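*Asks:* The listed protein sequences derive, respectively, from chains A and B.
Numbered according to full-length UniProt numbering, the first sequence spans residues 1 to 307.
Numbered according to full-length UniProt numbering, the second sequence spans residues 1 to 307.
Because the hints were derived from the structure by calculation, they are not lab data.
No experiment lies behind these values; they were computed from the predicted model shown.
Intra- or inter-copy, both count: the list cannot distinguish identical chains.
DSBU-like cross-link-like pairs, simulated, lysine-lysine; straight-line CA separation at most 30 Å:
#: 1; residue 1: K147; residue 2: K187
#: 2; residue 1: K124; residue 2: K166
#: 3; residue 1: K239; residue 2: K284
#: 4; residue 1: K124; residue 2: K22
#: 5; residue 1: K166; residue 2: K89
#: 6; residue 1: K284; residue 2: K147
#: 7; residue 1: K22; residue 2: K147
#: 8; residue 1: K166; residue 2: K187
Residues per chain are reported as follows:
2 protein chains.
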Amino acid sequence: MTRPVMIAGAQMGGIARNESRKQVVARLIALLRDAHARGAELVVFPELTLTTFFPRWWMEDQAEIDSFFETEMPSAATRPLFEAARELKVGFYLGYAELTTEAGATRHYNTAILVGRDGQIVGKYRKVHLPGHADHRPHMPYQHLEKRYFDVPTDGFGVWDFGAGKFGMAICNDRRWPETYRVMALKGAEVVMLGYNTPTHIPWEPIYDHLSAFHNHLVMQAAGYQNAMFVVGVAKAGKEENSYLLGGSCIAAPSGEIIALASTDGDEVILARCDLDLCQYNRKALFNFAEHRQVQHYGVITERRPA
Amino acid sequence: MTRPVMIAGAQMGGIARNESRKQVVARLIALLRDAHARGAELVVFPELTLTTFFPRWWMEDQAEIDSFFETEMPSAATRPLFEAARELKVGFYLGYAELTTEAGATRHYNTAILVGRDGQIVGKYRKVHLPGHADHRPHMPYQHLEKRYFDVPTDGFGVWDFGAGKFGMAICNDRRWPETYRVMALKGAEVVMLGYNTPTHIPWEPIYDHLSAFHNHLVMQAAGYQNAMFVVGVAKAGKEENSYLLGGSCIAAPSGEIIALASTDGDEVILARCDLDLCQYNRKALFNFAEHRQVQHYGVITERRPA
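Isolated chain A (complex conformation):
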């Protein structure tokens, strides 16, 4: 252990539609304190952590939609979390819905931020791979309207310093796309943090429901191994309104092994001491990118969207 960092994942149980930001932030602070008491330097919270997973509902009233979004960060409601982080000297990753204005145009993003141990925002990432659909499918028990409620960002994957390491951010469906991790690994990321909200029943593709936990871990374990990085995946889990969300929050090591794993579907802290020098060890041998990658043969990956 020559470059260890204590990383926690703070899985959350369901958030009801009528639960207030204040109630949610109190839960976040309790998890932050729990993680800190166990030695965490950094806590990863889920995707869209401040409200229920609202893309499950078809809404037409823009004011109603926008009520799930944050127009400032920190806000009055979330400032206590930032203050607790500064007090405890614990950084965090937080996912939330971001409403902003760019060149006079309103934009909606599925966003995550990295906050340093001083309570200051270090980096921001907006979700690239928006899943689901934009059309109304009233025959289904619920919707998955991320393509309706969020914009694809013009900024992509970034990497930021945290302590002695390089940290990247992704969100939910990003984790199924190998390009996500590869882009960040090539930018030097040693840890990728990601939150997710994943229904265990996918109404338009039900034949793989029984494999949802397997798929969740498969993609993160493969990514850890193939990119010589740690992957910290954190769920909003359990019963939430009329859907059930996958748990299984985990930390995958550069070996591809899961070194920390949630065992409940509720609010729960998982934790691992991650030696970031392992990433560099792996990148000197089997995954020495400079020696082994053959970019001249990868062209279609960036040229072609469809098969």
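Based on these hints, arrange chain B on the given structure of chain A.
*Replies:* Chain B in isolation, oriented as in the chain A frame:
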């Protein structure tokens, strides 16, 4: 099952240095007949199937090195395999060392061919990701000199028709690089066939020896899932001269599940009926590339070799 194809993997046990091509081809034909008797339409053999895995030895005499290479395909020694394939109407994938001349220059490739059910060569692939090293490391129990004995090809990954499906080829270390499968998926591949020779002890990176079987399956299962394809990985396995080679030949489905798996470290046929329409099912939903890929954010994958 609307577009099934019966695919077999023909794992092979070790091949001694003094074993002749004729002896090896007799083993290949026995495996081909075994697979055919069980309904196989296509048989995948390992990497460098015709000789022992010679990159484990440092050699300086070019004639000795070249004795492991084929200058024609089929040759007198391998023609009986092609004739058996035509007789049985079974196609095959075969890995071998290829010695050829390009614009007056001698070239050495780690090659695989796809042979159709009429015994004719349909496609050829030359290994892109050559692992190991080019220098002599006499302190190690054996070498892994693919970077010394083989050239990186100018042609990359291709896809060929076989029956009603689209088939791609890869070789051994290619399977650890997610770009391998993605390039072929974008070209339409529904099946990727690959042979491998993987020592269970890697002298220059021993800390993951105990995970070699896990890593082998992890990368192929993730690839099957993330690319909505079947992956057929076939080993040369077991004791071979002074090294021990990983077995675990398998067929991974578009679900990421292993649907056929070798249980020995010797000559053994595995088989699965693969419905290629499953690939198209998956590509219409979660892995609809046209809807979900965001190539504008993938640029560094084809720009940057090193981290």
